[in-house]
Structures are given as structure tokens and as C-alpha cells.
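Trainee: One letter stands for each residue in the lines below.
Number of protein chains: 2
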Amino acid sequence: MDFFFYPSSVAVFGSFRVGAIAYEILRNIVEGGFEGRVIPVNPKGGTVEVAGRVFEIRPRLEEPVDTAIIAVPARMVPALIDEIGPLVKGAVVISAGFSEVGNEELERELVEKARRHGVRIIGPNCAGIFGVHGRFFGSFEVRVKPGGLALISQSGAFGGAALAMGNDEGVGFSAFVSYGNAADLNESDFLEYFADDENTKAIALYIEGVKDGRRFLEALRYAASKKPVIVLKAGKSASGARAAASHTGSLAGSYEIYRAAFKQAGAIEVEEMEEVFDAAKAFEVYPKAGRRVAVITNSGGPGVLATDRLEKLGLEIAELSKETIEKLRSFLPPQCSVKNPVDLIADADYERYRRTIEVVCKDENVDSLLVICVPPIFIPSGEIARAVIEADCSKPVIVNFMAGELVRDGVELLEGAGIKNFPTPERAARALYWLSLR
Amino acid sequence: MDFFFYPSSVAVFGSFRVGAIAYEILRNIVEGGFEGRVIPVNPKGGTVEVAGRVFEIRPRLEEPVDTAIIAVPARMVPALIDEIGPLVKGAVVISAGFSEVGNEELERELVEKARRHGVRIIGPNCAGIFGVHGRFFGSFEVRVKPGGLALISQSGAFGGAALAMGNDEGVGFSAFVSYGNAADLNESDFLEYFADDENTKAIALYIEGVKDGRRFLEALRYAASKKPVIVLKAGKSASGARAAASHTGSLAGSYEIYRAAFKQAGAIEVEEMEEVFDAAKAFEVYPKAGRRVAVITNSGGPGVLATDRLEKLGLEIAELSKETIEKLRSFLPPQCSVKNPVDLIADADYERYRRTIEVVCKDENVDSLLVICVPPIFIPSGEIARAVIEADCSKPVIVNFMAGELVRDGVELLEGAGIKNFPTPERAARALYWLSLR
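First to last, the protein sequences are chains A and B. Take the first sequence: its position 184, counted from the start at 1, is 183 in numbering that gives the first Met the number 0, and no numbers get skipped. Take the second sequence: its position 37, counted from the start at 1, is 36 in numbering that gives the first Met the number 0, and no numbers get skipped.
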């Protein structure tokens, strides 16, 4: 499926007036810096200007391209696939108006034409795809920063919102696919593909229901054996399942069966949308972590909140060795607590943070570190960020810098160094919990 | 205690070199627009420039003021209180170095001097106070926008972080108090005070432990009878309680007893930091809401996530009346779902949202509405925001607009109209849950 996510040439079909779907997709592809050929196609011809470049709109596709992106009226799609079939490897069908509104026949026809030509289909009724490392933004959704997360979403709207919000939250993406009605390729195909995609470090999957449970379980197991797979299942409650059935036409099925399948396959099930981002951020940086956590903080309250949450999630508050405690005692001011959570108190500076992280990191009783900083007015958050970045520690370090505008500099420095910040102690604790499940 | 939260004159004691605590507090008071008298005091005299104004630093306080804010070394505090006792009604002691580091004697002396003069004390070892509606920012913490939440925090760092983050999240504040060691005034006094403060619509309380359980229960019950009280208890786990004990000196006590007390008093207990903001936002706007919720969305997936969460929290997905369903059917496109969750599909515009909200709002089976919008590229979020704002509906409406940068305009419009946005479907659902507990 490289022709979808790393294409060297694409054609976009639809209307190219400003604001139309095909126009927006073309704009995203061009502005996103795609380096391959891009061909807008519409029978009416003409030209379209995007990002300062003028493209000739071809009345029809006449040369081979890797992928077609199709946003023409539904009833015209099967004939178009038949026409361009010999020239394309894959087609992403954005157009809606197929099985999701009862037009099963039209969808069947679409698949038939595609199969005849050996063309693979994503969609129809989908929001498109991104291959972020190939700078290919084949969707109207907000472009995102490159990173390790491949997002597979049954719901286009969920996918779009998750891309925009994840981008804001500091998640980096390798790819995105909204697969809509899954007439041809479905969640299992994408799980298998991203399991082997080397730019993808973790996979996040939003599903309401799957059609082939056995295949899904196999694909999920395969993917989870290769890298972390984060799953958010919607339609768990009775009312939610009914709602899912009415809008995708797919039966959500018994949640208990899904839940067992996720567990059996080794996937990480999260409970809500925000947790998708948090788990993704953790797994973008670390493949896993042990269960014994050391908390290092400059403020008691947030340290206690982190400790409460870690213990509630079943993690262990690591018991620091005597050697560690003695070393910490040797350089920390007497008001500091050298038990776990280690409290460096409010005036903790670069040196105090860095040395503490390094000493605690070497403790054999410690598997991972949770470093909290609520910067006091007299110490800039960037200074503590540098301490975290420059500390010599080979174990997973999860960071919670907090206080809105006061930590923006620090968080920016951390992110520049590839360290993700979690906005509250509890969200940081949950990140360590997910890492401990691998 | 109005002299603390609505003072007409204040004196600040400490060092006024740039970056020092007293300087930063003076700066916050002046920049915050305090209209009363502000007197910096330091035996060395001199002048200090803040926000373009030059203040003469008085070597000693010689005229009466409502409140003193004290950031001088701990050992000098009791004598200072004795000296200014005849001139002040209250003193906020920022200085640390009292019972929290074992100096019980010094703290006792401080309280004795204060009692002798009838001066009330907040602190010591605290981060200060805000009376936001009196434009009095008597703390070095980030200034916040005015609104209905009074935040009472045992932890200064938690309080500071919560102010900065709450401000970012759209929470409006009436007051803030970090009460530190609670040598004189404590959480119970503040609960009682804010229960009767007319600018305060909801109270949020962060506690690790209280000294007088019976008094606390009474104060909590009184406050909760007047307005919503949101409580975050830290030190719930065994390790958390030990950590709390080590940094505040107060015993966290058995969490089960606290939990029962919160319930008995009618307080709203939340589980983590982020939930404090979400609950506060809900209660700033609505005093309560019924249990039967209608979900209105333009995108299936997020609607399903909201429905799942509502049902999990024990709320009811309202069954719309036949009349409502018929009315919706009369103007909604046939692809829309007129069952709850009502799915207006992606191209829902101003008119579709507004009419739907109005029709659903009139249904007798509906107590509250959860309105979700994931804006498609061709409909600006501001348009849907206006529909929510202008819809004629007298029941609680909780809003979840999402997709990062794509909804900033809409969220800004909503906030300008006093409607709070919740960033995910699940967080919006929890807001309705808390409202249903009142």
C-alpha cells in the first residue's frame, strides 16, 4: 500500500472552485510540500491557482499515477474507476452517498469495477489519507507535524478532530487514514500495513464495529506484536451502540467481546478521546516501561496527585535504595524529601533537577521516572527543561510541566528535544501506566 | 473577611528588587488595576518602579490599611505583626520557615501576636490571595479573568498551576486563596466566607488533610447548601498520604472517611486536576441540571463517544417525544438521524443547528442538551457558535466544539457569550454528570 502513503504521483478528481472538497485537498497536497506530480482532473478543464502555483486542470487522466483521490458525485464514481482503472494503483473515494445511505448497489458496482482493474479502494464516504513522511496530505483535514503515530479512524469527523487536537497536544504523526465504508480495504489491512511501516512507532485505531471479527483479531495481534496499538472503541453502551449502528450501518456488537479481543491481542485499550493523544505521545517516545516509578517534583501537591494516580493504576511507587537516598541527601537541601516522591522544593534549579534525575535513574529499584515542575516565578521553566533534556538517564522519563503560560518556554524546549509534556500529574501517570502494559 | 478579598488599601512588606517575591506581588497588584492605596514597606526605604509608576518605599507602616502582605524572613514576622497590629485588619504571610519545617514555636508566636491585636492571618507559607472582582491580585501567581469560581488551595503550587491552567481553559475566577499552614484561618473559614460571597458561583477546594474534621464537615455542608463545592482530595493512596504528611505535616487521614464526608455534605468530589476546571466551568454557568440528556451532533463518531460516556456515568439518553421527532423530521434532511443522539450530519449550518436546539429544548423528556460540532471545512465554526448562542433555549446546554485551530473562532464567540466549551465529548458528558449531582 506504499502507493497510498508514499505515492510519487497523484490525481485529484472533483470541483476546483475555492472551498470545494477537491480544491481543498489539492491545496493541502501542494501546501504540504508534496514533491511528486499532482494532476487536477475535471471534464470542464481550465486552471486552478493554489499556493501561488497555477495548475492546468486536465479534462481526463491520460497518464499513469500511483493514487487517485476522488470527490465527484457518488453516482459517477463507478464509471470513473472503470475509466482510470488501467492508470492507477489505488483510489481514495471521498464521495458520500453509498451504503451509508442505503445505496448498497452503487457501492457493489464501485468495488466490482475496481477489482476488475486490480485497483485498491479506500472509502467511499471517507475523509482521505495522509502519508506524513512522504509529505502527502491527501485529505482536507488539518495538516500535522511528522512523528510516529499512524491514526486509523472509522469516523472521518473523529479522525479530523483527532488530527487537529493531537497536533495541538504535541503528537507527531506518520500517517492518517479515514476508511469510511471500508468497501475494499478495512481496519485489518491498515493495521497490517502500519505494523510493517518503519516510520510508524505506534498505531491508534478508532472503531465502532468491524465486519470480520476473526480477521480483525489476527491483524490486531500481528500489529500489537510489532508495535503498540492504541484502541478507542465507540458504541460500548446500549445507546451508543444503537447510535453507531444508525450512522455507519455496521453493528457495534457486544463490547465485552471486543474488550476481550483487545486484551487477547495485546492492544492498549483507552477509555476516551483525550487518552488517545496521551498514549500516543508516550509510545512515540518509548516502546515500554517497567512498573516501578520514581516521582521527582518541586511541589508537594502535584507530587501527591501523581502518586495517588500511579498507585490507583496499580503501578508501584519505587522504594529508593539506601545508596540513592544517601547520595541525594549529600547534595539536596535539608528541607527536601529524599523519599519517593522526591520533593526538591520550590527553589529547585537546573543543577538540583539534573543531579537528582541522574542519581534516581541509576537506582536498580527504579524502572521509570515521572518529573514534575511547577515553575516558581524566580526560576524560568526553560532552565528546568534543560535539566531534563541534559540529564544522563537511559530509563523512560515522563514529564509534567504545568502552569499554562508560565511553562510555554519550557514545554517548547522539551518538545524541540523530542520530550513530550503531559499537562497534569494524572495524565502523566496514565502515560506510564500504558507504557507498563507493553 | 472582606478586608482580605475586597480591600480598599494594602501594604506589602519585603524586598522590592526586581524578581523578589514582594516586588512581584506589588507588580501584580498594580498591573492588575487595583484602585485602592498600595504601600510598599521596607526599612531600607528608596523607590520602586512598577508598570510605569514610581512608588516611594516607606521604611515603616504609619497609617491604617485593610491588609498586609508579608514576604520578609520568617524569624522577623512575629515582631512585624506586633508592630503593625494596630494598623491592619488582616495579614497574608507568604514567608516560609514555620511549622512546615518544624518551627512550631515561631508559628505559635506569630499567631499569639496576631490574636493580641485582633489581626486575622492567612498562611504562613502560602502563595497569597486574589479578590478578582475587586481587582486585587495579592499573590505572585498568574492573574486570571473574572468569573464565578473561588479556588481554595492547601497547596500553593497546585493553586498557582490551577489558576494558570484554568485561565487557559476558560474558567473565570472570583477569588483565590492559598492558605498554607493554616495557622489561623483555614479551609473551613474560607468555605463559609465564599458560601456567602455574591460574586462566587462555585467553590473549588484542593485539600490534603484537615485538622478539625467536625468543623470542616459543618462548613462544607453549609457551603454546599448555598452553592456547588467541588473538592479534589490528594493523599488518597497509601503512598500519596505518606507524601502529603511529609510535605504539609498534616495527616491525610483515611480517604474513606473524607469520601463519606464529601458525600454527606453534598459536595462534588472530582478525581483529578483537569476535572476541577471542567466542573468549575459547568457550575460557573449552571447551578444544576436534570439527568435526561439530548445529544445534538454533526458527526456520528463523537456523538457515539458522548453517548457512551453519559450512559456509563448513569445519565439517561432522553427519549425524544413523538412530537419532537415529527417536528425534526419536517425540516431536517432525510439522511439526518432524528433519534437521540440527533445527527445533523456534516453540512449542518446555522439554521439546522438553531432550529434543532430549539425544538429539542422544548421536549418535556429532555432536561439538558449536549451540542457537539466538528466543523467541516466549508462551514466556519463561528456560524455554528452563533446558532448555539442565538437559539432560544432555557435548559442547560453544554458544548463540545472540537478540532484545534479549526474551532478557535467558534470557541471565542461562545466564550464571549458566556458559554464554555469542553474540548472532548467525554469531558462535556462529565460536565453534565456533575450538574446532575446538585
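Keep in mind that a hint or two might mislead.
Identical copies carry no separate label here, and so any pair may be met within one copy or between two of them.
[As the list claims (entries may be wrong)] Heads up, simulated EDC-like pairs for lysine to aspartate or glutamate below, C-alpha to C-alpha not over 20 Å straight-line:
(1) K394 with E108
(2) K287 with E363
(3) K88 with E111
(4) K311 with E270
(5) K210 with D391
(6) K225 with E197
(7) K338 with E99
(8) K311 with E274
(9) K262 with D348
(10) K88 with D391
(11) K326 with E34
Hint data in this document are derived by calculation from the structure and do not stem from the laboratory.
Trainee: Work down the list of hints and note, for each, if the structure agrees.
Mentor: Okay, the hints, checked on the actual structure:
no.	hint	verdict
1	K394 with E108	neither (54 Å within a copy, 48 Å between copies)
2	K287 with E363	within (17 Å within a copy, 51 Å between copies)
3	K88 with E111	within (15 Å within a copy, 85 Å between copies)
4	K311 with E270	both (16 Å within a copy, 11 Å between copies)
5	K210 with D391	neither (49 Å within a copy, 42 Å between copies)
6	K225 with E197	within (11 Å within a copy, 59 Å between copies)
7	K338 with E99	between (58 Å within a copy, 17 Å between copies)
8	K311 with E274	both (17 Å within a copy, 17 Å between copies)
9	K262 with D348	neither (43 Å within a copy, 41 Å between copies)
10	K88 with D391	neither (48 Å within a copy, 52 Å between copies)
11	K326 with E34	neither (55 Å within a copy, 52 Å between copies)
Figure legend: structure checked against the earlier numbered hints; hints not met, in rising order: 1, 5, 9, 10 and 11.
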